[in-house]
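Let the hints inform the model, and build the full structure from the sequences given.
Chains as they are written, first to last, in my numbering: chain D, 10 to 202; chain R, 441 to 585.
Mixed in with the good hints, there may be bad ones.
Claimed, not checked - Computed from the model, here is a short list of chain D residues facing chain R with C-beta under 10 Å: (1) Phe-27; (2) Glu-36; (3) Ala-52; (4) Glu-53; (5) Phe-60; (6) Ile-61; (7) Glu-131; (8) Asp-144; (9) Pro-147; (10) Lys-148; (11) Lys-158; (12) Glu-160.
Since the hints were derived computationally from the structure, they do not count as laboratory data. Built from N, CA and C at the ideal position, the CB exists for glycine as well.
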Amino acid sequence: MKETEIINRLQQGDEQAFKQLVGNYQELVVTTCFGLVHNMEDAEDIAQDVFIEVFRSVDKFRADSKLSTWLYRISVNRSLNFIRDNKRRKWFWSFEDAAENKNNPLEKRTHGASENPEYEFENNQRTQFLHQAIDSLPKNQRIAFTLNKYEDLNYNEISEIMDLSKSSVESLIHRAKINLQKKLYACYKKKCI
Amino acid sequence: MKCNSIHKNLIFYLDGELPPQEMEDIKNHLSECKECVAFAEELQKTQAILAAEKSVEPNPFFYTRLKAKMEAEETVDSAPRWQQAWVKVLQPALFSFLLVAGVYFGSKIGKPEPINVAVANFADEQVIPYLNEMDTEPIEAFLME
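Shown next as structure tokens:
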């Protein structure tokens, strides 16, 4: 089923078309959300809300832009709202995560990696540090970097999603990389991993 | 080439985003400098994490959960307004009222009655001798029996 056909059928309330849409774009939406919130359960929750919003507001979708662009925008907005709303609860989360090791996506995905606990421990620390470094970036740098690194989107695609010029996106990603490199170098010097 | 300028550009070198001449210069430097190689390896390991996180395994139950969530939200949305108001406002208000009332009456019931000292002294004198078995039957008499 083509994108336009999916949209047309969705606008008529076709459930099969919705199922197809979810199947086609589930990975895109979940990965985008995950890149910003760094937790798979939260990313899937947000992704569900994204698809519900798409289903309810598909009539507002303008055919002149790509469906994926629209999905990326909703995913980014929803993820940022989620981060904003949960900032207050972060303090409690830190205890919960420490107890459950919940905020550890790599461990969940590499079930057989426990053969080398030392490597796993180091990898977990590295992952946490990377997430903290990405989270500390200014909002636009974080969005541009995440879309570039997690979704392999080029500057043109990112500029369309963020509604910015290509050169602005280029500059955002460049600064994001410099900032990340600085943080990683500081960590390397302090031997924090 | 100095290590400082290498550290500034290493992330772009690893992404292959530098002009050919700079790429070559950094490559040559890395072949000689152990310190820069060690940092480059650190950066590579960190980049490998990003690459690993990209490969999300699709959750096979995602659509089922999504439909369940949609149905749950529709049930809430389709409920009459008074019911939504009941759930959102009146129910918490009622529970808060019951909680406050419970605390108030609890404190009322648990509050000790003021003791009349004169009556209390009289009661001590009258009652304690009869309750104290040691007065009527000393321990020696009890053991003798």
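Evaluated hints:
1. The criterion of a C-beta within 10 Å of any C-beta in chain R is met by Phe-27 of chain D, whose closest approach is roughly 9 Å, and the hint holds.
2. Look at Glu-36 of chain D: its Cβ gets to within about 6 Å of chain R, closer than 10 Å, so that hint holds up.
3. Below 10 Å, beta-carbon pairs count as interface contacts, and Ala-52 of chain D has one with chain R at about 8 Å; its hint therefore holds.
4. The criterion of a C-beta within 10 Å of any C-beta in chain R is met by Glu-53 of chain D, whose closest approach is roughly 6 Å, and the hint holds.
5. With a cut of 10 Å, the hint placing Phe-60 of chain D at the interface with chain R holds, because the nearest CB-to-CB distance is about 6 Å.
6. Among the interface hints, the one on Ile-61 of chain D holds; its C-beta lies about 6 Å from the nearest C-beta in chain R, closer than the 10 Å criterion.
7. Contact between Glu-131 of chain D and chain R, as hinted, is supported at the beta carbon level, the nearest pair being about 9 Å apart and thus within 10 Å.
8. Taking 10 Å as the C-beta cut-off, the interface hint given for Asp-144 of chain D is violated, the closest approach to chain R being about 14 Å.
9. Interface hint status for Pro-147 of chain D: violated, as the beta-carbon distance to the closest one in chain R is roughly 17 Å, over 10 Å.
10. Using the Cβ-Cβ criterion of 10 Å, the hint placing Lys-148 of chain D at the interface with chain R is not satisfied: the shortest such distance is roughly 19 Å.
11. At a threshold of 10 Å, the smallest CB-CB gap from Lys-158 of chain D to chain R is about 5 Å, leaving the interface hint in force.
12. Because the smallest distance between the Cβ of Glu-160 of chain D and any Cβ of chain R comes to about 8 Å, under 10 Å, the interface hint for this residue holds.
Taken one by one, the earlier hints fail for this structure at numbers 8, 9, 10, listed in ascending order.
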